[in-house]
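Chains as they are written, first to last, in my numbering: chain A, 1 to 160; chain B, 1 to 732; chain C, 1 to 292.
Simulated from the structure, these hints should not be mistaken for laboratory data. Hints may contain errors.
Unchecked claim - Partner residues aside, some chain A positions facing chain C, computed with beta carbon under 10 Å:
{"#": "1", "residue": "5"}
{"#": "2", "residue": "7"}
{"#": "3", "residue": "23"}
{"#": "4", "residue": "27"}
{"#": "5", "residue": "65"}
{"#": "6", "residue": "66"}
{"#": "7", "residue": "71"}
{"#": "8", "residue": "131"}
{"#": "9", "residue": "152"}
{"#": "10", "residue": "153"}
What the hints assert, rightly or not - In the DMTMM-like style, the derived pairs of lysine to aspartate or glutamate whose C-alpha atoms are separated by at most 20 Å in a straight line are:
{"#": "11", "chain 1": "C", "residue 1": "140", "chain 2": "C", "residue 2": "16"}
{"#": "12", "chain 1": "B", "residue 1": "714", "chain 2": "C", "residue 2": "263"}
{"#": "13", "chain 1": "C", "residue 1": "289", "chain 2": "B", "residue 2": "439"}
{"#": "14", "chain 1": "C", "residue 1": "289", "chain 2": "C", "residue 2": "16"}
{"#": "15", "chain 1": "B", "residue 1": "116", "chain 2": "C", "residue 2": "263"}
{"#": "16", "chain 1": "B", "residue 1": "714", "chain 2": "C", "residue 2": "269"}
{"#": "17", "chain 1": "C", "residue 1": "140", "chain 2": "C", "residue 2": "151"}
{"#": "18", "chain 1": "C", "residue 1": "190", "chain 2": "B", "residue 2": "587"}
Each residue gets a CB set at the ideal place from its N, CA and C atoms; glycine is no exception.
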Amino acid sequence: MTDVALHSLEMTVNGEQQNVICSPGETLLDVLRDRLGLTGAKFGCGIGYCGACTVLIDGEVAHACCLLAATLSARNITTVEGLAGDELNEVQESFLDCGAVQCGYCTPGFVVSIRGLRNSVPEPTEVQARAFLNGNICRCTGFAAIVRAACAPINPELAE
Amino acid sequence: MTELRAVGHPHRRVDGEDKVTGRADYLSDMVLDSMLYGAAVRSPYPRALVRSIDTTEALAMDGVHAVVTPESTEGLPSLRIFADSPPVQRIITANPNFVGDVVAAVAADTLELARKAVLRIDVDYEVLPPILSVEHAATGEIQLHDAAPENRAGPVIAIERGDPEAQLATCDHVFRDSYTTQRQAAQTIESLVCICDWIDGPELKVWTHLDSMFHFRDALAEAVGLDPERVIIQPPPNLGATFGLKNSLIAGLEPLAALLSREAGRPVKLVLSPDESMSATVTRHPATIELVTGVNADGKIVARTADLVLDSGAYGWGYVVALSMLGKWATLYRCDDIRFTATSLYTNHVPGGAYRSVGTAQIHFAMESQIDEVARSLNLDPVELHRQNLVRAGDRLSMGTEIRSLGVDECLDQGAAAFGWEGPRHPDGAAAPIARPLDVTRGVGMAVGMHHSGLTGLIPHPEGATCTAEVTNDLNFLIRVGVVEKGQGSSTTLTLVAAEELGVDPGRVAVLNTGTATAPLDYNGAEASRTTYIVGRAVADAARRLGEAIEKAGSVAAVVGEVVEGNFVPDDKDPLPVIGAHFCEVEVDHVTGVVRVLRYIAAQDVGRVINVLGCRGQIEGGVHHGLGYALCEELLFDEGQPINSNFMGYKVLMAADMPEIEAVLVEVPDPDGGPYGAKGVGTPVIPAIAPAVANAIRDAIGARLHHLPMSPPKVLAAIVSNEQAGSPQLLG
Amino acid sequence: MPAVHPFTLERPRSAEAVVQLLAEHGDEARVLAGGQSLTPLLTLGFSSPEVLVSLDQCSGLDTLEQANGQLHIGAMVTTARLEHAAELRVHFALLVEAASQVGSPHVRNFGTVVGNVCHADPRSDVIVALLCHDTVIQLKATGVDRRIALEDFIDGPNSTKIEPGEMAVAVDVAVEANAGWTFGYRKVVKRAGDPAMAICAVRLRCENNYINDARVVVGGAVSLARRLTALESSLTGVHFAAGAETTLAADVLAGVESHLMPERTAPIEYLHTMLPRLVAATVGDAAGKVAS
Numbered sequence: 001m002t003d004v005a006l007h008s009l010e011m012t013v014n015g016e017q018q019n020v021i022c023s024p025g026e027t028l029l030d031v032l033r034d035r036l037g038l039t040g041a042k043f044g045c046g047i048g049y050c051g052a053c054t055v056l057i058d059g060e061v062a063h064a065c066c067l068l069a070a071t072l073s074a075r076n077i078t079t080v081e082g083l084a085g086d087e088l089n090e091v092q093e094s095f096l097d098c099g100a101v102q103c104g105y106c107t108p109g110f111v112v113s114i115r116g117l118r119n120s121v122p123e124p125t126e127v128q129a130r131a132f133l134n135g136n137i138c139r140c141t142g143f144a145a146i147v148r149a150a151c152a153p154i155n156p157e158l159a160e
Numbered sequence: 001m002t003e004l005r006a007v008g009h010p011h012r013r014v015d016g017e018d019k020v021t022g023r024a025d026y027l028s029d030m031v032l033d034s035m036l037y038g039a040a041v042r043s044p045y046p047r048a049l050v051r052s053i054d055t056t057e058a059l060a061m062d063g064v065h066a067v068v069t070p071e072s073t074e075g076l077p078s079l080r081i082f083a084d085s086p087p088v089q090r091i092i093t094a095n096p097n098f099v100g101d102v103v104a105a106v107a108a109d110t111l112e113l114a115r116k117a118v119l120r121i122d123v124d125y126e127v128l129p130p131i132l133s134v135e136h137a138a139t140g141e142i143q144l145h146d147a148a149p150e151n152r153a154g155p156v157i158a159i160e161r162g163d164p165e166a167q168l169a170t171c172d173h174v175f176r177d178s179y180t181t182q183r184q185a186a187q188t189i190e191s192l193v194c195i196c197d198w199i200d201g202p203e204l205k206v207w208t209h210l211d212s213m214f215h216f217r218d219a220l221a222e223a224v225g226l227d228p229e230r231v232i233i234q235p236p237p238n239l240g241a242t243f244g245l246k247n248s249l250i251a252g253l254e255p256l257a258a259l260l261s262r263e264a265g266r267p268v269k270l271v272l273s274p275d276e277s278m279s280a281t282v283t284r285h286p287a288t289i290e291l292v293t294g295v296n297a298d299g300k301i302v303a304r305t306a307d308l309v310l311d312s313g314a315y316g317w318g319y320v321v322a323l324s325m326l327g328k329w330a331t332l333y334r335c336d337d338i339r340f341t342a343t344s345l346y347t348n349h350v351p352g353g354a355y356r357s358v359g360t361a362q363i364h365f366a367m368e369s370q371i372d373e374v375a376r377s378l379n380l381d382p383v384e385l386h387r388q389n390l391v392r393a394g395d396r397l398s399m400g401t402e403i404r405s406l407g408v409d410e411c412l413d414q415g416a417a418a419f420g421w422e423g424p425r426h427p428d429g430a431a432a433p434i435a436r437p438l439d440v441t442r443g444v445g446m447a448v449g450m451h452h453s454g455l456t457g458l459i460p461h462p463e464g465a466t467c468t469a470e471v472t473n474d475l476n477f478l479i480r481v482g483v484v485e486k487g488q489g490s491s492t493t494l495t496l497v498a499a500e501e502l503g504v505d506p507g508r509v510a511v512l513n514t515g516t517a518t519a520p521l522d523y524n525g526a527e528a529s530r531t532t533y534i535v536g537r538a539v540a541d542a543a544r545r546l547g548e549a550i551e552k553a554g555s556v557a558a559v560v561g562e563v564v565e566g567n568f569v570p571d572d573k574d575p576l577p578v579i580g581a582h583f584c585e586v587e588v589d590h591v592t593g594v595v596r597v598l599r600y601i602a603a604q605d606v607g608r609v610i611n612v613l614g615c616r617g618q619i620e621g622g623v624h625h626g627l628g629y630a631l632c633e634e635l636l637f638d639e640g641q642p643i644n645s646n647f648m649g650y651k652v653l654m655a656a657d658m659p660e661i662e663a664v665l666v667e668v669p670d671p672d673g674g675p676y677g678a679k680g681v682g683t684p685v686i687p688a689i690a691p692a693v694a695n696a697i698r699d700a701i702g703a704r705l706h707h708l709p710m711s712p713p714k715v716l717a718a719i720v721s722n723e724q725a726g727s728p729q730l731l732g
Numbered sequence: 001m002p003a004v005h006p007f008t009l010e011r012p013r014s015a016e017a018v019v020q021l022l023a024e025h026g027d028e029a030r031v032l033a034g035g036q037s038l039t040p041l042l043t044l045g046f047s048s049p050e051v052l053v054s055l056d057q058c059s060g061l062d063t064l065e066q067a068n069g070q071l072h073i074g075a076m077v078t079t080a081r082l083e084h085a086a087e088l089r090v091h092f093a094l095l096v097e098a099a100s101q102v103g104s105p106h107v108r109n110f111g112t113v114v115g116n117v118c119h120a121d122p123r124s125d126v127i128v129a130l131l132c133h134d135t136v137i138q139l140k141a142t143g144v145d146r147r148i149a150l151e152d153f154i155d156g157p158n159s160t161k162i163e164p165g166e167m168a169v170a171v172d173v174a175v176e177a178n179a180g181w182t183f184g185y186r187k188v189v190k191r192a193g194d195p196a197m198a199i200c201a202v203r204l205r206c207e208n209n210y211i212n213d214a215r216v217v218v219g220g221a222v223s224l225a226r227r228l229t230a231l232e233s234s235l236t237g238v239h240f241a242a243g244a245e246t247t248l249a250a251d252v253l254a255g256v257e258s259h260l261m262p263e264r265t266a267p268i269e270y271l272h273t274m275l276p277r278l279v280a281a282t283v284g285d286a287a288g289k290v291a292s
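Please model the complete structure; the sequences and the hints are all you need to start from.
In structure tokens:
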């Protein structure tokens, strides 16, 4: 086994302070899934193309597989588990209404990406949504229903 | 059309909420008690002999619990995919036949450790000269497998009807064209994983990506030397898609994990990396296709011949794919004088297997491209030329079934209307504007695609499904099925069917698959778009019977605990034929050869829409695979080495590349098809796509591409040829 | 899954501390800025440093500021920050455009401009844009600071003149005194978000439809991105009208021939045909933006 020094750091994950102990080579995805039990973010390609590992870091989209956890102290991480409270988030509702989920393996990544997009562009155009999704791949839906969900008008009852 | 309350109305997926919240677990998330992790030692050579394997260093590592080698497969049969396939593949081989072929494997405490141990296994190879092309395979200079003389992956598929040569000699026009298609990989976002638990000697429990449970169980049982009842296949909680990849056993996955588990005495989770998942499983068969078509001036097709060679890779499906191609090629156009010959050959590449729309993708690219060229030559609208020659209801399929329902004209009409089709924008012979080298030009194209729903007559095992229906203690309804929900939405579709038959809200119905030990038999599973059709009919049957039992007993409560069976066995000798007509518009950049698909209309005859969101989703998703096949997807090899088997190098289209897609759900119900006349959609959507795009490019640039994928270098080369042939304006 | 090769991670708080660590560990150390290029190499085992020096805690490296005739881009300025710097569009519209084309928002949110330059990928968006300006990279080692012109700094695919013990602290881009520059930017990709198969960046300064000054850079399937100086000379003083692009091909090919890097999916014949067209079209884009 490796004998490099472990790192201890504080980060906020889904609003909760976490003290994380990890080895330098662990990606944020490794830490989320294996140490914090947050398995919503998925391992897809491992090299920053498929986006199945998408999380928000200080509100901005990032590929968790391309970041070393030990460099992220004091950051605010949001995973798919942090998007829904007792009710589903409006992006999640749109996904269900638009039929944007098939096998679902990419879904957490897309839901988080689109949440990130709509945080700064509340009602994106189709062109904006498609361009924003350069870091997410879906092999089931042809992206069509996902883009419809991304551009769905804000539901005043659900919007956060 | 009868008004229905649940069927045909938008309904949220039954598993949707779990998926959007991240609660849904997949194989990748599953951890069993005392589970180990497996990794494979793979041949770095396309062809070699293993002289010796030294496993001492790996076995000595702390945390390594088992190592298996070819010796571990002694007494086990070589795998035979289909009845007439040569038995050529070993689970662990001392004669690797492709880069990635498994020569040993390890089980250890962690995945990292297993992968490290793989590096400590010392394999001594004698490198052998490989066969890297079908041309070389055909020479017979090297025979790859003892059981496959002339490197044939099963018998040559050949038929002849009438006298095509005589017709070709006398008809008005003869068209001769050659086409090639490439290796396409499924590239599921979830890489393949399986968990095997060979418990207490005689019983093997398996969780894996798969398309069918029972067929798979039998194949796996035979592979590892167990009776089928001793193998228990459990559906994973959720499955990250297959696109047909798991229609059959993959030697380097479940059988390998099973052997590791037996050796270690503990459950083993074998995890393929994204690279292995693409380069060491199965791909679509590449094909070389030569078509000769004889036509009269009025557009009537009077003779057709086809000569094909399929590259089956090291151990692939071969002749079965050719059979599927024959079925579609021979049926799509009415013609009495035809000849078809298809040879499938083994080469030292990743095996060819099933991939969404087996065989039909390749043959349609060829035949629908050629028919478009015929239309252009005769100055006929391709829609009308299709109308004149296509198969119709009343014609007969390969095994003799009379076609009851086929929405040919409906798809052509509705697709053309949705698109605003007025024929090609730049017909040949018209005064076409000469494109300047830096121009961007547009073109339109259409194509028809036919595939099948169900497997009747295509495989030895009889088609059919069983299921059960019951009232639960909380007075809701439970349907037990033997088919796996692999993401395409079958659980939701079957829920809607049951709810409709029972006359209840879909929220009160649950569809459950509990694995081969306890689930009702559905032998063929989620393959060939048969779930809605075949399993749907069984579910409708069970739900109807349960409804009758409730009526007879007087109340729902009175029937709690009573399990009612349903089943369906098709009377037909052929699967249901399913047709679609697609229309597309492209824009081609003459600077770069890049093709942008602007609009895409897919009119598919779905029989009857049951799950409208699912149906549309399957069409839109299918268009993604088809456009990738047409434009940019290709698994590349260099001297037998895969060079782009990862998410960076293997290109699938992104959201920003995709056109506006309109799925036109054409309903021409089949009275003896799926529930309410439904047909399949997931695979039939594929075949028309690549030729529709090819035909639009032809319209846009005045030159036809015969080789897939139609990548920018090929498009630009065609543009330049055309410029040099016809245009006075050259660059530089 | 953790990196194949274990390493020590250092997180110093200043550039001085960074270069001290680099001096101490020499070849065994790599600098980690945004990690978007390096992290996948680590996790796949293609890069195996003993020590990784992360800049995430370093102060003083995140300045993005136009002052004293220079645009100063500090080592930790992300591509996203550059993309969204609307105020920079006056003098640096090409740079802002190029930044917006890098990969995906995920990559841009963490990947740094300076990190992109140091990675020296011939397909880089920001490098071709920076080469269209007078750009200098600031390097620091213990006791030594130096500046080197960008076109001299990159000397091959993924190769720069950075010395052991050195870190790149910033990139400085000159603000041109003359106004009236327009730009063109075309990127050829196999699918959206990809690194470029070919990329052309152009800046023109025109007066009355005559080109007074031209910067033309080609990147992509080449060993390194560079200015096509012979072509720039040919264009200077030319009255640019539609059709002028037909004369460019020979100069384009002369400028790139010696360092084309064809690959399976971008073969040499394609590059020979496409690159002249690409440059012509991009020059045309820039010329077309000139107010007549």
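_Tell me if the interface restraint on residue 131 of chain A is satisfied: Cβ within less than 10 Å of some Cβ in chain C._
holds (8 Å)
_A closest beta-carbon separation below 10 Å is what the hint needs, so does residue 66 of chain A meet it against chain C?_
holds (5 Å)
*Given the hint that residue 714 of chain B pairs with residue 263 of chain C, does the C-alpha gap stay at or below 20 Å?*
Answer holds: residue 714 of chain B to residue 263 of chain C is near 14 Å, not above 20 Å.
*Answer holds if the nearest beta-carbon of chain C is closer than 10 Å to that of residue 23 of chain A; otherwise answer violated.*
Check passed: Cβ of residue 23 of chain A comes within 6 Å of chain C, closer than 10 Å.
*Can residue 153 of chain A be said to touch chain C, with a Cβ gap under 10 Å?*
For residue 153 of chain A, the interface hint is violated, since the closest Cβ of chain C sits about 22 Å away, which is over 10 Å.
*Compare the distance between the alpha carbons of residue 714 of chain B and residue 269 of chain C with 20 Å, and conclude whether the hinted pair is satisfied.*
Holds: residue 714 of chain B and residue 269 of chain C sit about 10 Å apart, inside 20 Å.
_Need the status of pair residue 116 of chain B, residue 263 of chain C: alpha-carbon distance at most 20 Å?_
violated (32 Å)
*Does residue 152 of chain A meet its interface restraint, that is, does its C-beta lie within less than 10 Å of any C-beta in chain C?*
Violated. Min distance 20 Å.
*If you take the shortest Cβ to Cβ gap from residue 5 of chain A to chain C, is it below 10 Å?*
holds (6 Å)
*Could you grab the alpha-carbon distance between residue 289 of chain C and residue 439 of chain B and see if it respects the 20 Å cut-off?*
Since the Cα atoms of residue 289 of chain C and residue 439 of chain B sit roughly 18 Å apart, the hinted pair holds (cutoff 20 Å).
*asked:* Tell me if the straight-line CA distance from residue 140 of chain C to residue 151 of chain C falls inside 20 Å.
replied: The hint holds at about 18 Å.
_Against the 20 Å threshold, does the CA-CA distance of residue 190 of chain C and residue 587 of chain B hold or violate the hint?_
At roughly 15 Å apart (the allowed maximum being 20 Å), residue 587 of chain B and residue 190 of chain C satisfy the hint.
Comparing the model with each numbered hint stated earlier shows that hints 9, 10, 14 and 15 do not hold.
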